[in-house]
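Novice: Listed below, chain by chain, are the residues.
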Amino acid sequence: MSTEYHREHSFGILKENPVLVHLLGLSPVLAISTTLTNGIAMAIATVFVVVCSSLCVSLLRTQINSSWRFLYFMLIIACFTTAVDILMQWTHFPIYRELGIYVPLICCNFAILINLETVAYHNDWKNSLGKAGRLSAGYCLALILLSSSRELLANGTLLEHWELLLPGASDSAAVSETEALNNLFSFVAYQPAALILLGFLVAAWNSLNTQLMSSKPAAKQSVIPAKRERVTGKVGAKT
Amino acid sequence: MTTYLGIIIGAALVNNVFLVQLLGVSSLFLSSNKLQNALELALLNFVVLFLAASINLAIFRLILNPLGLEFLRIICFVAVSSTLTILILESLKKKFPLSLRRQRLAFYLTSGNSAILGVSIINADSVLSLTHGVAYNFGAALGFALMIISFAALRLRLDTADIPTPFRGAAIQLISAGIVSMCLLGFAGLV
Chain Z
2 MSTEYHREHS FGILKENPVL VHLLGLSPVL AISTTLTNGI AMAIATVFVV
52 VCSSLCVSLL RTQINSSWRF LYFMLIIACF TTAVDILMQW THFPIYRELG
102 IYVPLICCNF AILINLETVA YHNDWKNSLG KAGRLSAGYC LALILLSSSR
152 ELLANGTLLE HWELLLPGAS DSAAVSETEA LNNLFSFVAY QPAALILLGF
202 LVAAWNSLNT QLMSSKPAAK QSVIPAKRER VTGKVGAKT
Chain G
132 MTTYLGIIIG AALVNNVFLV QLLGVSSLFL SSNKLQNALE LALLNFVVLF
182 LAASINLAIF RLILNPLGLE FLRIICFVAV SSTLTILILE SLKKKFPLSL
232 RRQRLAFYLT SGNSAILGVS IINADSVLSL THGVAYNFGA ALGFALMIIS
282 FAALRLRLDT ADIPTPFRGA AIQLISAGIV SMCLLGFAGL V
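Which chain is which? The protein sequence lines are Z and G, in order. Counting from 2, one number per residue, gives the positions in the first sequence under my numbering. Counting from 132, one number per residue, gives the positions in the second sequence under my numbering.
I should point out that these hints are in silico values taken from the structure, not numbers from a laboratory. Using N, Cα and C, we set each Cβ at its ideal position, and we do this for glycine too. It cannot be assumed that every hint is accurate.
Unchecked claim - Rough simulated footprint, nothing fancy, chain G against chain Z, three-plus residues with beta-carbon under 8 Å:
#, segment
1, 78–87
2, 102–116
3, 202–212
Start from the sequences and build out the full structure, keeping to the hints where you can.
Specialist: Structure representation (structure tokens):
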């Protein structure tokens, strides 16, 4: 995998998915995805930070000093993350407790940082808003795929305790820990299974991508077959 | 002394930042699979993680907590870690221009490493004393660097292995990371 992203690199949903193709911003994806409710909450929080920070950077890009720009980017992301953190504590306390330290960790998401560096820093606000939308759609898709498959395998349910997503949910609805232990695939709730499952998901994504690519009518530039030149015997002779 | 040793081993192996707590997993996959590049990256990450987490711990305990400014912790921690990274990289620029140019983005992304923020926040919530917290940071940084180096070696073997086409690249790396993480879960109860 290449570590360098050129200037106009932008993320997308299918081919340039930030999680499933580039493996960026994995730590929240892997740690949070035990239930779909957690995944959706994390996705909403991340989308807010992505959109606001890229808007902010693209508006302020003439003011930002170039050699210290990573510091500015990090500070801008951190401000929005703090806002999300405090808002979530206020309105969604039970789910905030479920997510734990991974809400503050949104600000250390490489996908957001690379998006700011390669897209928002060089584009005006309309362009960067569109590209931030594509990045966050790809991110949400990966989060929802992984978390729904993990919840289905571990508990056999989908979107259980969805009422936690409503503001002001009561504490009693919080997920109990003992539930998962009764099931066959309780291993799925642990960390190694998250990594292995994401690996299988990436493999499925790869084969889907290659099938989509091959089904397209290919070859805008058809390869010109090389002419065979004679180099032994009578060189230059017409055959 | 045994307490410190226990904390260091516990942070490095039992609660490995990478694969047990799943912090900063993406920087594992950003590093290249040349062993020398991985060594440089691991060294940089070790220094930055240890120093930044220790400074953050001191700031939280001595300034933010007494003044009741805990809500500023994310901004404060991030400012410290990225300033530290940029300062270290600027000072290294003259001595090692080549290695800096080779993996510039990976180096600069160290400032956005979620392990630094994660360790700082765990420290802020934990009940360990200041010196014990520094020992914990040392252990966490050690485990982090260890995993980067060993993973580079692992990926060198994966490059030559015969793998089904859709699993090549990212997928097989994730699955092998999962197996390594399973091994690390076996250290539970060591300390």
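Novice: For each hint, tell me whether it holds in the structure or not.
Specialist: Hints and how they fare:
1. 78–87: Since 7 is at least three, the answer is holds.
2. 102–116: holds (count 9)
3. 202–212: holds (count 6)
The structure meets every hint from the earlier list without exception.
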